[in-house]
Structure formats: C-alpha cells, structure tokens
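Q: Now for the letters of each chain:
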Amino acid sequence: MQQRRPENAAMTFDEVSLERSKGFVQALQELKNLRPQLYSAAEYCEKSYLHSEQKQMVLDNLKEYAVRALVNAVDHLGTVAYKLTDLFEQQSSDVSTIELKIYCLNQQILTCQTFTDKEGLRQQQLFGTRRRHRKHYILPNVVGKRVESSSKLQIANNLTRAQSKPLPHASGNLAPKTLSWHLSSESNSAPSSEPHTAPRVEESKSFKVTSDSFHLLEAEEPTAPLPLKSHLQAAKGHPTTDPASCTFGVKDPVGGTKTLSGLKSFENSGRREICPPPARNRSILSAFFPRNKTLKPKRVLVS
Amino acid sequence: MARAGGMTNAVNVGIAVQADWENREFIANISLNIRRLFDFLLQFEATTKGKLAALNEKLDVLEHRLQVLEVQVSSVTTNPSVFN
Numbered sequence: 001m002q003q004r005r006p007e008n009a010a011m012t013f014d015e016v017s018l019e020r021s022k023g024f025v026q027a028l029q030e031l032k033n034l035r036p037q038l039y040s041a042a043e044y045c046e047k048s049y050l051h052s053e054q055k056q057m058v059l060d061n062l063k064e065y066a067v068r069a070l071v072n073a074v075d076h077l078g079t080v081a082y083k084l085t086d087l088f089e090q091q092s093s094d095v096s097t098i099e100l101k102i103y104c105l106n107q108q109i110l111t112c113q114t115f116t117d118k119e120g121l122r123q124q125q126l127f128g129t130r131r132r133h134r135k136h137y138i139l140p141n142v143v144g145k146r147v148e149s150s151s152k153l154q155i156a157n158n159l160t161r162a163q164s165k166p167l168p169h170a171s172g173n174l175a176p177k178t179l180s181w182h183l184s185s186e187s188n189s190a191p192s193s194e195p196h197t198a199p200r201v202e203e204s205k206s207f208k209v210t211s212d213s214f215h216l217l218e219a220e221e222p223t224a225p226l227p228l229k230s231h232l233q234a235a236k237g238h239p240t241t242d243p244a245s246c247t248f249g250v251k252d253p254v255g256g257t258k259t260l261s262g263l264k265s266f267e268n269s270g271r272r273e274i275c276p277p278p279a280r281n282r283s284i285l286s287a288f289f290p291r292n293k294t295l296k297p298k299r300v301l302v303s
Numbered sequence: 001m002a003r004a005g006g007m008t009n010a011v012n013v014g015i016a017v018q019a020d021w022e023n024r025e026f027i028a029n030i031s032l033n034i035r036r037l038f039d040f041l042l043q044f045e046a047t048t049k050g051k052l053a054a055l056n057e058k059l060d061v062l063e064h065r066l067q068v069l070e071v072q073v074s075s076v077t078t079n080p081s082v083f084n
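Chains as they are written, first to last, in our numbering: chain A, 1 to 303; chain B, 1 to 84.
None of these hints come from the bench; they were simulated from the model.
Every residue, glycine too, gets a C-beta built ideally from N, C-alpha and C.
Certain hints may be false.
Claimed, not checked - Listed next, the in silico DSS-like pairs over lysine-lysine satisfying Cα-Cα at most 30 Å (straight line):
id, chain 1, residue 1, chain 2, residue 2
1, A, K22, A, K101
2, A, K83, B, K58
3, B, K49, A, K22
4, A, K22, B, K51
Said to hold, decoys possible - Non-contacting residues of chain B with respect to chain A, defined by C-beta distances greater than 10 Å in every case (computed):
id, residue
5, G5
6, R24
7, L42
8, T77
Use the sequences and the hints to build the structure in full.
A: In structure tokens form, the structure reads like this:
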C-alpha cells in the first residue's frame, strides 16, 4: 500500500502537470480558432451591408458583434496568459526543488571529501609522529651492549670528518637534542676520570662530557666502522687514522677535567687523515659505552 | 416649401454628421482597445521570454552541477578502496 501511494502521488503529480499543460494548449487552440471566426464574421457583415436594404440595422449589429468579438478575444488572451504563467511557475518551483536536492547532494559529497581528507591527514600525522633516529644516536638501549668493531670504525671516520668540515652548530643550545645533550644528561652524576689517563673505550662510564666542549655533527652520511686496532692505534698517536675527529668537533676545553681524556690523544695527533666512509652499524656512543664483559681493560699511553 | 425642404436637408445633414461622428468615435474606441491589447501582448511576450531565459540558464547550471556530481560519484564507485 505504501508503495502504491507514492506511485499514485507520482501519478497525480504527473497528471496535474499534464492537465495544466493540456489546459494551456486548449486555451491556445481556442485563441487560434478565433481568427477564422472573426474573418468569416467580417465577410458576412460586408456582404449583408452591401446587399441588404436596412443598412443602419446591419451597422448596429456589426458594432455590437465587434464589441463582443473584442471582449471574447481579450478573454481568450487572458486565459492563455494566465495558464502560461501558471505553468511557468510550476516549472520554476520544480527547478528550485531540484536545485535544492542537487545542493544537498553536493554538500554530502563535500562532507565525504572533507572527512576522507581529515582521515588521511590524521593517519599521516600518526605516521609522522614516529621519529626515526639513527642507530648511533639511540642512547640508553645501546649502553652496555657489546661493542663491535664496526662502530669504532665509524667513530674514527666521524672524528676525521668533524675536524675537516666546519661545525654547523655553534653551540649545543641550537640543537638541544643532539648527542651532546644526551651525553650530558646521561653522565651528570658520573665524575670525570683522570684527564691524563689513556683513552679507555671500555671504561667510558667514567667520562664526563659537557655540551660546551663536545659538539657533534649529525652523521648524515653513513660511516664505515673502524676496527678496534685502528682505534687503539689512533689513541696511541699513530697517524694512521683519527677516528675521534671524524664526527666530533672538539673545542679546547676550558676546564681540562671536563673533557674526554680519550680525545686528547686525538687532538695531539699531528696527522689527520680522511677516513673512508665506513659502514654504519652501531651508534657512536656504543664505542664509548661498551660492555665491560666483552672488552678487557687496556691502557694506552698518550704521547 | 423650399425653406422647409432646406430645413429638412440641413437637419438630415446634421444627423448624418452626428452619426458619422458617433461611428468614428466607436471606431476610435475599438482601435484604441485593440492597440492596448497589442501592447499587452508585446509586454507579455517580453516578460515570458525573460523568465524562460532565466529558467533555461538555471537548468543549464543545474545540469552542469549534476554532471560534476555524477563524475564524482562514479570516481567514488570505481575506487572504493580509498574510502575503506
């Protein structure tokens, strides 16, 4: 029943529009039919006035007929105009209804688009929150892990590069999240070891580094890790490699106790050779904070 | 007798002239009304043309919008994975 009702409603709507259009067409047809009627009436009056003897009566009849014909024509024209205006108003109301429906559809699609855009942005932001740190900048998890030889190579290369390239950061304040900051935060409690001791990579926990004297370059290029031997040789003062100078730009320490004792040997080394880019495997700090189990304590004299 | 005839002729002429004037007035009224009807028809035609042109333009705009909506909906239906 409910399905029939809208069908009937649709039929009635169509019927109404059909009836309106039919009425307009009919009125127009009747207006068109007035023309031959008026022509025939004019011919009859002309003949009767010419052939009849009572011309005054014909004239009077003609006057009356003319008035009636004119009124009839005006009436028909008014009917046609009214029906045409009614039809036009109906069509314009239908068009405005369709326009509203189209606006609704457009608004719905716009809503869907904005929703999808927002969802996509949100997902992108979620993905964007994942910060990918380079491995050699990841600090706490790496401390105490086994030091691999590749990481030391990386340190050596970074040290040489640091001294060859200009420092992008003037001070640690511009990059608070750099390695120096992390190091300073990590090693607050640990007092600095003897400044003149040999670089003990395995005893890195005793180092105390401040952000003022220790600046790090962001290692954008992958560096190949140096073997332990080369690192130790550099610490001894051999001019083969200078791993500490690859990545670290070391300033002259204001307070000698507060600098890396191990790096003094690097500073004092005369030759600084550019190391080949080693493969990046471990963080730099893993070289400074290796596991005590794996490495044996070694003392290297600094000349 | 001649005066009477003349008088009657003058009266007849007067009546004829009066009738003529009445006829002319009638004809003038009829023609005036027909001209007013003609002016009404012209005005009606101009307004109807303007209204129909505006309606036509509105319909064209709606048709274009419908085409755009149709394209958007078709793109959505062809790529439903975007909205999943």
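Q: Which numbered hints turn out to be false for this structure?
A: none
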